[in-house]
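Visitor: Chain by chain, the residues:
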Amino acid sequence: MSEPLITARDLRKGYDAGRVRVLDGVSLEVRAGEMVALWGASGSGKSTLLHLLGGLDVPDAGELTVCGLDPRNEAHRLALRRRHLGFVFQLHNLIPDLTVEENLRVPALANGTPAAETRARLRELAEAVGLAHRLEHRIQDISGGERQRTAICRALMNSPRLLLADEPTGSLDEMTGDTVFALLRQLGQTRGITVVLATHERRFAEQCDRRLRVRSGRLEAA
Amino acid sequence: MGFLALVFVNLRRHKLRALIGVAGIGFGVAAMLAILSIINGAIGMFERILAVDSHYLVFEKNVSDLFFSSVPDEKTAALRAMAGVESAEPLLFGLVTSGDRPIITCFGLEATNPRLARAKWSAGRREDFGKIADGIWLGARAAEFLDARAGRKIAIGKGEFTVAGIFSTENGFEDGGVFLPLKDAQAFFHREGVASVVAVRLRDQARGAAFKQAVEAANPGLIALENREFNQGYTQFRILHFTAWAVGLCAFLLGGLGVANTMLLSVFSRIREIAVLRVCGFSPGQVAGLIFGEAVVIAAAGVALGLVLGYAALFALQHAPLFNGYIQAIVKPGMLAGIVATALVTAVAGALWPARFAARIQPAEALRYE
Chain V
1 MSEPLITARD
11 LRKGYDAGRV
21 RVLDGVSLEV
31 RAGEMVALWG
41 ASGSGKSTLL
51 HLLGGLDVPD
61 AGELTVCGLD
71 PRNEAHRLAL
81 RRRHLGFVFQ
91 LHNLIPDLTV
101 EENLRVPALA
111 NGTPAAETRA
121 RLRELAEAVG
131 LAHRLEHRIQ
141 DISGGERQRT
151 AICRALMNSP
161 RLLLADEPTG
171 SLDEMTGDTV
181 FALLRQLGQT
191 RGITVVLATH
201 ERRFAEQCDR
211 RLRVRSGRLE
221 AA
Chain D
223 MGFLALVFVN
233 LRRHKLRALI
243 GVAGIGFGVA
253 AMLAILSIIN
263 GAIGMFERIL
273 AVDSHYLVFE
283 KNVSDLFFSS
293 VPDEKTAALR
303 AMAGVESAEP
313 LLFGLVTSGD
323 RPIITCFGLE
333 ATNPRLARAK
343 WSAGRREDFG
353 KIADGIWLGA
363 RAAEFLDARA
373 GRKIAIGKGE
383 FTVAGIFSTE
393 NGFEDGGVFL
403 PLKDAQAFFH
413 REGVASVVAV
423 RLRDQARGAA
433 FKQAVEAANP
443 GLIALENREF
453 NQGYTQFRIL
463 HFTAWAVGLC
473 AFLLGGLGVA
483 NTMLLSVFSR
493 IREIAVLRVC
503 GFSPGQVAGL
513 IFGEAVVIAA
523 AGVALGLVLG
533 YAALFALQHA
543 PLFNGYIQAI
553 VKPGMLAGIV
563 ATALVTAVAG
573 ALWPARFAAR
583 IQPAEALRYE
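Protein chains in written order, with this note's numbering: chain V, 1 to 222; chain D, 223 to 592.
Please note: incorrect hints may appear among the correct ones.
Said to hold, decoys possible - Using C-beta positions, here's what the derived DEER-type ranges look like:
#1 73(V) with 494(D): 16 to 26 angstroms
#2 117(V) with 541(D): 56 to 66 angstroms
#3 170(V) with 234(D): 23 to 33 angstroms
#4 15(V) with 494(D): 17 to 27 angstroms
#5 112(V) with 554(D): 16 to 26 angstroms
#6 112(V) with 464(D): 17 to 27 angstroms
#7 43(V) with 237(D): 32 to 42 angstroms
#8 16(V) with 533(D): 53 to 63 angstroms
#9 20(V) with 494(D): 50 to 60 angstroms
#10 479(D) with 18(V): 33 to 43 angstroms
Unchecked claim - To be clear about the criterion: a stretch of chain V counts as covered by chain D if any three or more of its residues have a C-beta under 8 angstroms from a C-beta of chain D, and this derived list gives those stretches:
#11 50-59
#12 73-82
#13 106-116
Claimed, not checked - No farther apart than 20 angstroms at their CA atoms in a straight line, the calculated lysine to any residue pairs in the SDA-like style are these:
#14 405(D) with 302(D)
#15 237(D) with 216(V)
#16 237(D) with 97(V)
#17 237(D) with 74(V)
#18 380(D) with 317(D)
No lab work stands behind these hints: they were computed from the structure.
In this text, a Cβ means the ideal position worked out from N, Cα and C, and glycines have one as well.
Excised from the complex, chain V in its bound form (with noise of 0.2 angstroms):
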């Protein structure tokens, strides 16, 4: 059995100085190549707790290791962010005016890496998820689930182990929303990426390895 991913244990997070408590003592375990759903109703903090996997926010209590780092600290939620994992938002949340190479650029650039070797990666990326021939297209000019392939293209720059997914099929029509899907689940299978779907369709969450049902800031299997 592959070795944990992501090892949390009593998670806490709260707002508003504690008075809004979100997540209430979650703890998990996901392990390697695993696609993993976060199922729940808007609200449950199913976002939260994706947020506290990608070092995006830090938890109020609790130990949480994600790909071997502490994401409470800033300097390896620097490296999860840049080297460790690729976040894919509901909203895709690209760069307007940007082009859809550029947009792919920016975890390169962020990250240092080599000209040919981005300019390989995202050629490459790009053949994998039909966009091809969108390259040169700005993201004004392409169509929504063009866009959210952009937004998983982007998220894949760097060749992360995790890739964390936030309702990415949310704003999408049924027929596209099942093709992202899709494309998400070959993306994890045939590249060994760990994936951890934040969604609250079940028939999505069914079709993972692994389900767990967030409610009222707790864990349970379902």
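Could you slot chain D onto chain V? The hints should help.
Guide: Relative to the frame of chain V, chain D by itself:
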């Protein structure tokens, strides 16, 4: 796409905002360039009035302005008699009125003064200077604005003089002034027996220190300053320089506030985008670098615009009939470098707070921001 491309994309996206920042810095640069160059030019002209063919200026100690300095004629004679002195030329300054011109500089000087020999005479002869009764000699521009010609009578103050000659020099102040023989000027201004300043030329400039010491020892009421020393120490010049930089810096302050405003709006309008950059691996330093990069590009464009505007303004002012050629701008390389450096520092200072704010954006919090 490199880091710089990202900087340009952000500026291009908010063109109007960026242009306002550029204009702020540009006007600061133009104002500073125009003011400093005009003042440098004015000081340069004044320096040349005093320092024609001389090494030292001797004048009364502790006067606030050379117009109030009095060097008695016998002191001039004593200076001429000193060993090592090649020439000592007294010069009396005064202000006169004529027609609708309330202020015209009048120079009282002797016929031996080298500026008369250097001048380009368009009417009259240098040899006749001081030999024509009730004669007055005019700078070319003064003749123009007084509408005077050789041989005509003109009213100067309460007196009436005959225009005995007209000449031009390279100096705008002199060209706009009137000239009287020293004795006539002393009588006209009721300052018989004195000059404002004596310009001394030494046979051996290396012996200047000994000359200065001797003059000041023999005449406790006088001071002898080397031209360079005079230019650096003369209070009026220092006030002018200080004023120019103060006005220029105020202009820059406004420019800096413009940049700060531009950068703040730029940061506030893309908080979410900056959060995404952080998610993609940008460090706080890289985010701050992006904001500073934008400020530097704005400053660079502002400097270019400001130089164009500044030079255009100087050209227009130098050629405006209104100023009678009094404006002779001097642009010094050091001054230009100072202006460019001030513009960059202003822009970077204006971007400090926005950059700090942007660098501290927490991704999770910012992603919730709408």
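Visitor: Out of the numbered hints, which ones does the structure contradict?
Guide: Of the numbered hints given earlier, those the structure breaks are 5, 6, 9, 15, 17, listed in rising order.
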